[in-house]
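With chain A's structure known, arrange chain B on it following the hints.
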Amino acid sequence: MKDIIAALEAKRAAARAGGGEKRHAAQHAKGKLTARERIDLLMDEGSFEELDMFVEHRSAEFGMEKTKIPGDGVVTGWGTINGRLVYVFSKDFTVFGGSLSLAHAAKIVKVQDMALKNGAPIVGIFDAGGARIQEGVDSLAGYADIFMRNILGSGVVPQISVIMGPCAGGDVYSPAMTDFIFMVKDTSYMYVTGPEVVRTVTNEIVTHEELGGARVHAAKSGVVDGAFENDFEALTQMRRLIDFLPGSNRDKPPTRPHYDDINREEPSLDRLIPDNPNKPYDMKELIEKVVDEGDFFEIGAEFGRNIITAFARLDGAPVGVVANQPMVLAGVLDIDASRKAARFVRFCDAFNIPIVTFVDVPGFLPGTRQELGGLIKHGAKLLFAYGEATVPKVTVITRKAYGGAYDVMSSKHLRGDVNYAWPSAEIAVMGAKGAVEIIFRADIGDPEKIAARTKEYSDRFANPFVAASRGYIDDVIMPRETRRRIIRALSTLKNKQLENPWKKHDNIPL
Amino acid sequence: MFDKILIANRGEVAVRIIRTARRLGIKTAIVYSEADRDSLAVDMADEGVFIGPAPAAQSYLVIDKIVAAAKETGAQAIHPGFGFLSERAEFADRLLAENIVFIGPNPHAIRAMGDKIESKKAAAAAGVSCVPGFIGEIEGVEHAIQISEEIGFPVMIKASAGGGGKGIRVAYNKKEVQEGFPAVRAEAKGAFGDDRIFIEKFVTAPRHIEIQVMGDKHGNVVHLFERECSIQRRNQKVIEEAPSPLLDEKTRAAMGEQACALARAVQYDSAGTVEFVASGADKSFYFLEMNTRLQVEHPVSEMITGLDLVEQMIRVAAGEKLAFKQKDLKIKGWAIESRIYAEDPYRNFLPSIGRLRTYRAPAEGKTGDIVLRNETGVREGDEISMFYDPMIAKLITHAPTRIAAIDAQARALDQFLIEGIQDNIPFLGAVMEEKDFRKGDFTTAYIKDKFPQGFDGVPPTKTQEKLLIACAAVARSFTAHRATQTSGRLNGPAVGAQRDWVVIVGGVHHATHVDLDDSGADVFIEGKKHRLDTLTRPGARIVEGAFEGAPFSVKIKSAPEGYTLRHRGVTLRAAVATPRGAELLKKIPEKAKADTSKLIVSPMPGLVISVDVKPGQEVKEGEGVAVVEAMKMQNIIRAERDGVIAKVHVAAGASVAADEVLIELG
Chain A
1 MKDIIAALEA KRAAARAGGG EKRHAAQHAK GKLTARERID LLMDEGSFEE LDMFVEHRSA
61 EFGMEKTKIP GDGVVTGWGT INGRLVYVFS KDFTVFGGSL SLAHAAKIVK VQDMALKNGA
121 PIVGIFDAGG ARIQEGVDSL AGYADIFMRN ILGSGVVPQI SVIMGPCAGG DVYSPAMTDF
181 IFMVKDTSYM YVTGPEVVRT VTNEIVTHEE LGGARVHAAK SGVVDGAFEN DFEALTQMRR
241 LIDFLPGSNR DKPPTRPHYD DINREEPSLD RLIPDNPNKP YDMKELIEKV VDEGDFFEIG
301 AEFGRNIITA FARLDGAPVG VVANQPMVLA GVLDIDASRK AARFVRFCDA FNIPIVTFVD
361 VPGFLPGTRQ ELGGLIKHGA KLLFAYGEAT VPKVTVITRK AYGGAYDVMS SKHLRGDVNY
421 AWPSAEIAVM GAKGAVEIIF RADIGDPEKI AARTKEYSDR FANPFVAASR GYIDDVIMPR
481 ETRRRIIRAL STLKNKQLEN PWKKHDNIPL
Chain B
1001 MFDKILIANR GEVAVRIIRT ARRLGIKTAI VYSEADRDSL AVDMADEGVF IGPAPAAQSY
1061 LVIDKIVAAA KETGAQAIHP GFGFLSERAE FADRLLAENI VFIGPNPHAI RAMGDKIESK
1121 KAAAAAGVSC VPGFIGEIEG VEHAIQISEE IGFPVMIKAS AGGGGKGIRV AYNKKEVQEG
1181 FPAVRAEAKG AFGDDRIFIE KFVTAPRHIE IQVMGDKHGN VVHLFERECS IQRRNQKVIE
1241 EAPSPLLDEK TRAAMGEQAC ALARAVQYDS AGTVEFVASG ADKSFYFLEM NTRLQVEHPV
1301 SEMITGLDLV EQMIRVAAGE KLAFKQKDLK IKGWAIESRI YAEDPYRNFL PSIGRLRTYR
1361 APAEGKTGDI VLRNETGVRE GDEISMFYDP MIAKLITHAP TRIAAIDAQA RALDQFLIEG
1421 IQDNIPFLGA VMEEKDFRKG DFTTAYIKDK FPQGFDGVPP TKTQEKLLIA CAAVARSFTA
1481 HRATQTSGRL NGPAVGAQRD WVVIVGGVHH ATHVDLDDSG ADVFIEGKKH RLDTLTRPGA
1541 RIVEGAFEGA PFSVKIKSAP EGYTLRHRGV TLRAAVATPR GAELLKKIPE KAKADTSKLI
1601 VSPMPGLVIS VDVKPGQEVK EGEGVAVVEA MKMQNIIRAE RDGVIAKVHV AAGASVAADE
1661 VLIELG
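In order, the protein sequences belong to chains A and B. Residue 1 is where the first sequence starts when you use this note's numbering, and the numbers rise one by one after that. Residue 1001 is where the second sequence starts when you use this note's numbering, and the numbers rise one by one after that.
Okay, chain B solo, but in the shape it has when bound:
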């Protein structure tokens, strides 16, 4: 076994590797760029080696610097994590030449799987099912029909040169091929001047399912079952789970065997992942590609198998044999992982980088039969930098059943507090509550299908609304009760605290009465009694306890008129008033919302780099009108409709707040 390894990576995966290395008694060294000098990973590692400026191309991707760092620290092996150099065959080659062990597969395997076409050929040769299709000259409609029937409907007829949605037809039967083939050919000729066509199987209700494999240097290969990663946004995985709700034992075994066959074919000797697209309609599955590294979502496989994949990678790299056989591996329970990103779900998931003013993660560990794990590389006060992936953390829950794991995940998300930058927790919370997700009924188009207009929060259920109203009423009652202990009161503390509060949500008044006691309160909402047990006190940002016996966590923030409450995908603004106050509030008419359609506002705080229009100028929808720089990224601000510029409120060099008006249209 190694005495010391070098981690050629950063952030959460570096922390992840250090944790395992520590447990195995292996010393760790880590490389770091300018931006990571004070990072958690560097703090945790036994040694750090500075390797240059923040951009990865000048630091984490420079092989010479990594090799030099290994020599300087005397590390015998390098773990590349994921991303960066993890799938660069020349890096593995170089380490081989330098006599440093690469904790990953051999260069031959990396090369074989690195090329899309080569890997498909290798897969086909190893008996892995590939998307059936015909590549070659198609003579005419009759030939196309014949090919389609061989492949099996539905099929996709696609122009070789196609792209951007042009030159693609899906045919569900012979007739549609008859019509579709000439149409696509004509379109292809017209649009691309190239009428070569290919036909392949169209996978209906596609789902992304991948098999985790693990091999050693002694020819042993096993698979650690599947992960499902269908919940994606723009090809970025957001929620992953293991096992997949789609698969039955037979399909699982078939996929696993094929994945192992491919791994064996390339003498695979580390942790790797064979990705498939599977049809939600008939469970047919087809090879996509193989990733020759540890995957971001590996923890869900660890949770259901009880294995530590990083440990296994280190052991096999050191030449050990896998200590288990396929028959020793069993799926235990269900694991769900959410990727918590620094992005604003309410603004089309715009990246939101900056300082983590507040970062409070739920406690890791085992509670009953629930295990909670949080993989992160940051602490409160750290910076989410523009230079790297904007992931803040991976939150993983494991439970005996899928629903229990989802519920645990939803609760853990409620306990995860991030402030200073925007996060996608409300969105993740909304998915955990969504019925098709809970049923396991989804495809890779899930997010687009369920949130076609983007995410704008979800309305509370009746129970959630009651809970949030109760939290607001109790929080307010508690501060009123505390006020009775203020010094200098006229009649002393005998003057009782207000116990009747009206909680106003979206213009609807909810009369409450709160009887506080030592362990929480009885809350009467419209006369109906509810029990809210909580020991949360003023100043806490999360109210925790049990509502009607069910545990809950609600994020709470004071607002001028009451509180803003967040729970799951719900954000609620609640005004809290005395009964008399509420009566008076009713007399104040809602202010007419200002017509903002004519306003062009800055989507983020930043610096105005340029204003590209003048009053009186006509602009078209989508035309750039100004450039605002935020965290060194230049964002082009565009007109959202046609119009004439009426007024320009800012000039280059001005710093603007989020939602600040930049330009008015006439």
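Bound conformation, chain A alone:
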């Protein structure tokens, strides 16, 4: 028996050695950790159980039969994050460059299936060179098997991808279908075709960083939801994110004790809205002062910054916060903001996370760039997402809620459950100036008349009371009591029941 145990230990040690010391050193020299080291950072200490450690590829092409490394370029298994079950797969760049063989794919598929069946989030860590070319079409089959699980798992269990090295070609599509993608600055890149191909095909000269670096994807393409300085920060923050998410769509999001007062008043919020309606203010101050312990986790912080999407907690329970940001483009809705928020709202709805919306929106952004970019359909995504969402929806209008954008931003008419307005709210078809120039077109030449009409219009509509008189607003609340009022509203919605008509699936304007 002793020998058998020793043999097992030897086999395990061989598997853990991965690509060997030299390759590990090379990985470290690049500022990257190894596949197993990353899992150590992600999971609670000692909680990780590896699966399929001894799996090897079965390819006999191009001499591959001579090089077999147990594990075959990916480490898979399960562990806990703050005690809660999480599945993980982590590509091992030191073994065959992390390339994907059929056996490698089968390992990933196995944990995907387990996550789906057992209702737990799955985190994929990417650092790989793409398909194992020697395996040819088997490798493509392997990819598709993974894609299929991504698709079936979407909306069932949270799927998170962390790009911590190269991720190109076929490798990009699995992350693309997961709920969130994060990247590490300077050590990771992600693109369908790399700079060499780009140069051959289009003569365009571009670096890895410019084509698919973390900064580019976090700020410009919006493909990724956040970029971190290094592996340590990225994985530490993934732990923080997982803490907000339920295991699956069958669960409620996790709750935990908090050390904040649910009745906390914030008198300074009474002075958040500047006297000048065109002066911006920082919506993040409102979020920070409303949520538990001032703590929130932003999704897509660098992209479409005119809208904020973030996870936070109220009375210990997670909520998704969507808020127009007057500091950026006056908080207008454009293509980027609509796409970003729509996807976030749908995630929250899929995973039973109540949505709190703070509204200060002057409308949709005009211009050819927006219209030719398909603003109609992108804006409709957000409208659709809010309308179809059946989770508790609480909305607070702080200032502007103009035109169609008012409807979009979780209005009563889109089945908003509790809709509040601050006294500074202006709920109208458009700003007073614009409205007067249409209604009183004849008077445009007369600035005095226009000024009088503008004042008249503004007195009539630049307030929350017309909307409140129709019941479109449930109450006008003092800014200082926003936290208490939202928490109370959410508490009444704990057992909310609302179902959409049966359908195979909807047809959101993609």
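None of these hints come from the bench; they were simulated from the model. One thing to keep in mind: the hints can contain errors.
What the hints assert, rightly or not - Straight-line distance between alpha carbons at most 25 Å, and here's what the computed PhoX-like set of lysine-lysine pairs gives:
(1) A:Lys-220 <-> A:Lys-185
(2) B:Lys-1321 <-> B:Lys-1283
(3) A:Lys-22 <-> B:Lys-1591
(4) B:Lys-1217 <-> B:Lys-1283
(5) A:Lys-503 <-> A:Lys-412
(6) A:Lys-503 <-> A:Lys-117
(7) B:Lys-1591 <-> A:Lys-220
(8) A:Lys-185 <-> B:Lys-1647
(9) B:Lys-1027 <-> A:Lys-284
(10) A:Lys-30 <-> B:Lys-1586
(11) A:Lys-30 <-> B:Lys-1587
(12) A:Lys-185 <-> B:Lys-1598
(13) B:Lys-1448 <-> B:Lys-1435
(14) B:Lys-1647 <-> A:Lys-220
(15) A:Lys-22 <-> A:Lys-11
(16) B:Lys-1120 <-> B:Lys-1158
(17) B:Lys-1250 <-> B:Lys-1283
(18) A:Lys-185 <-> B:Lys-1586
(19) B:Lys-1217 <-> B:Lys-1321
(20) A:Lys-117 <-> A:Lys-220
(21) B:Lys-1237 <-> B:Lys-1450
(22) B:Lys-1330 <-> B:Lys-1250
(23) A:Lys-185 <-> B:Lys-1587
(24) A:Lys-30 <-> B:Lys-1591
(25) B:Lys-1462 <-> B:Lys-1439
(26) B:Lys-1587 <-> A:Lys-22
(27) A:Lys-185 <-> B:Lys-1591
(28) A:Lys-22 <-> B:Lys-1586
(29) A:Lys-185 <-> B:Lys-1557
Quick caveat, the model's predicted, so the values are computed rather than measured.
Below, chain B alone, put in the same frame as chain A:
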């Protein structure tokens, strides 16, 4: 006594006056500009009168508007506070004519002291010691030596038309006058075409010490001892104290008597201040000027005398006699005042205005023998406006001894939390810990001498480092402990929380072990046990408690890798990791710092007004390359070295964040 007074001022001094008036049962009315409509002072006053746009020249400085406001509200008297109209004789004249009482000195006194030359003459006539010097034709070197010997060395030889450091020599002996006088004369002739020279006493180790005086309309004048205001930056007082660590009883009495003599000479009948420059070397002192108003730093005098100067001003204005004599006044304890400004100490004290997203001041009142006072005109959520002085608050501590007052001040600064704009609290905290300041050994050049390269934070002491490490470890342990109470855990709450944490500061790993209990934690740092008592919970921005029995407050903020901690003048970024995490962190090489010397960044968030260079253009160090507007102030962004513009990242109209790259040099 008055029934109602009008306050012709704003901000903290207005609040200060309202507090006293309320206590005396006097109603208050206040004037306010557009920018102050929702201010604390206006909220606190019984009545407010709107007087126009934000710029002071169109509101607080318009005498007609102030007078009209007094009439409208029926106020019998006006307190001008400081600044604005407080030292305008014509304002005092006008009030006299309108039959409204000016809570301040009579116009004659204001006039007499308002002119620099006249006031010096009056001072000399009243027997006040003025800087000895000779103004007149100096015949030659021999005459210069004779004058210098009469004045006493060291002397300053100065060109009448001099300026900008040119045409000035300090001579410590006869020989230096012999050499210096012709040199200065030649320099003066060459540089200014005017070779008139004057010689005056050079005050070595100069310190700014001023005497608070108080007079009434019945000829009584007393002094309330001195204040020392030597800690200044660009002639702006930053830290003041009373009494002065320099003075002995004899000097104090001499200065006080001279100040009273001057006050008597001009029939001074309110609160005023006689400023002196004193030599740290020999305690000699010389008259500078007299301020005929309440001073910003008056609270330190109040703290050591127990008097309320605003109350005294109101009483004497109403015609009452001073209720005390000089012999009744005694110095009790020591008071320190810090001026908390909206400025960024790490960026050469650049003004930082905007909304006070967080404003939490330490609690005022008496704890043991320490008294804490905070004079402010703002609340959380208020705006520090570009139109007025960027002072946020004055924090005053009073204790039996100077060191106790300094320590109390340092602790109070640790409890003062301001976010949304930058503040100079870390700088003030650093001064409170600096050994020469603590010894009372400084001059008016203190800040320049101690921080010649500007302020960049100070390194922690060993004890402070331990404290900050312990705070980070406990904060992290507490969140780990709380996580064990999350719902949906695999094995239930039985799974224990992590108790070993490595705190990494500046690349150095500190192994800790934390045993939490009901009143805090035992924290083992590298195996050595420390006791940290605290009831602070997650979400609090200040960790408070006792470390090894000594009370502390540390500002804490979550960062992606751990925490940012602030204490006194120290700012520490601490990564916190499990032992395994720390081991792995060691394997990640520090990223090479990007070479930023070629980058021209925006020092503040703002709007790009113009970009004045194009790629390929050569620029010289100090040349303006772009203009960024922040809070309506246009800031010229300059090249910090010579170079060729490689890339322009922004265009006019772009809004930029602080540190955003505007232009790259090749």
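Here's how the hints hold up against the structure:
A threshold of 25 Å between alpha carbons decides the hint, and for Lys-220 (chain A) with Lys-185 (chain A) the separation of about 14 Å falls inside it, so the pair holds. With a C-alpha separation of about 34 Å, the suggested pair Lys-1321 (chain B) and Lys-1283 (chain B) falls outside the 25 Å cut-off, and the hint is violated. Only pairs whose Cα atoms come within 25 Å are accepted, and Lys-22 (chain A) paired with Lys-1591 (chain B) is accepted, the gap being roughly 21 Å. Between Lys-1217 (chain B) and Lys-1283 (chain B) the CA atoms are separated by roughly 33 Å; this puts the pair beyond 25 Å, and the hint is violated.
Between Lys-503 (chain A) and Lys-412 (chain A), the direct Cα distance comes to roughly 24 Å. Compliance with the 25 Å bound is thereby established for this hinted pair. Using a Cα cut-off of 25 Å, the hinted pair Lys-503 (chain A) and Lys-117 (chain A) holds, with the two alpha carbons roughly 23 Å apart. Only pairs whose Cα atoms come within 25 Å are accepted, and Lys-1591 (chain B) paired with Lys-220 (chain A) is accepted, the gap being roughly 23 Å. Distance restraint check for Lys-185 (chain A) and Lys-1647 (chain B): the Cα-Cα separation of roughly 22 Å lies within the 25 Å cut-off, and the hinted pair is therefore satisfied.
Under the criterion of a C-alpha separation no larger than 25 Å, the hint pairing Lys-1027 (chain B) with Lys-284 (chain A) is inconsistent with the structure, at around 40 Å. Distance check on the hinted pair: Lys-30 (chain A) and Lys-1586 (chain B) sit about 13 Å apart at the alpha-carbon level, within 25 Å; holds. Distance check on the hinted pair: Lys-30 (chain A) and Lys-1587 (chain B) sit about 10 Å apart at the alpha-carbon level, within 25 Å; holds. Proposed proximity of Lys-185 (chain A) and Lys-1598 (chain B) is supported: the alpha carbons are some 21 Å apart, at most 25 Å.
Proximity of Lys-1448 (chain B) to Lys-1435 (chain B) is assessed by CA-CA distance (about 16 Å); at most 25 Å being required, the pair is judged to hold. Among the hinted pairs, Lys-1647 (chain B) with Lys-220 (chain A) is consistent with the structure: their alpha-carbon atoms are about 20 Å apart, no more than 25 Å. Proposed proximity of Lys-22 (chain A) and Lys-11 (chain A) is supported: the alpha carbons are some 19 Å apart, at most 25 Å. Annotation: proposed proximity of Lys-1120 (chain B) to Lys-1158 (chain B) holds, straight-line Cα distance about 19 Å (limit 25 Å).
Of the pairs offered as hints, the one joining Lys-1250 (chain B) and Lys-1283 (chain B) holds, with about 10 Å between alpha carbons and a cut-off of 25 Å not exceeded. Restraint check for Lys-185 (chain A) and Lys-1586 (chain B): the C-alpha separation of about 18 Å stays at or below 25 Å, so the hint holds. Distance restraint check for Lys-1217 (chain B) and Lys-1321 (chain B): the Cα-Cα separation of roughly 7 Å lies within the 25 Å cut-off, and the hinted pair is therefore satisfied. Between the alpha carbons of Lys-117 (chain A) and Lys-220 (chain A) the distance comes to roughly 36 Å, so the proposed pair goes past 25 Å and is violated.
For the given pair, Lys-1237 (chain B) sits about 16 Å from Lys-1450 (chain B) by alpha-carbon distance, which is consistent with the 25 Å threshold. Between Lys-1330 (chain B) and Lys-1250 (chain B), the direct Cα distance comes to roughly 15 Å. Compliance with the 25 Å bound is thereby established for this hinted pair. Of the supplied pair hints, the one linking Lys-185 (chain A) and Lys-1587 (chain B) holds, its CA atoms being roughly 17 Å apart against a limit of 25 Å. A hinted pair counts as satisfied when its Cα atoms are at most 25 Å apart, and Lys-30 (chain A) with Lys-1591 (chain B) qualifies at roughly 10 Å.
With a C-alpha separation of about 21 Å, the suggested pair Lys-1462 (chain B) and Lys-1439 (chain B) falls inside the 25 Å cut-off, and the hint holds. A threshold of 25 Å between alpha carbons decides the hint, and for Lys-1587 (chain B) with Lys-22 (chain A) the separation of about 14 Å falls inside it, so the pair holds. For the proposed pair Lys-185 (chain A) and Lys-1591 (chain B), the alpha carbon gap of about 10 Å is at most 25 Å, so the pair holds. A threshold of 25 Å between alpha carbons decides the hint, and for Lys-22 (chain A) with Lys-1586 (chain B) the separation of about 17 Å falls inside it, so the pair holds.
At most 25 Å may separate the alpha-carbon atoms for a hinted pair to count; Lys-185 (chain A) and Lys-1557 (chain B) meet this at roughly 23 Å.
Checked against the numbered hints above, the structure breaks hints 2, 4, 9 and 20 and satisfies the rest.
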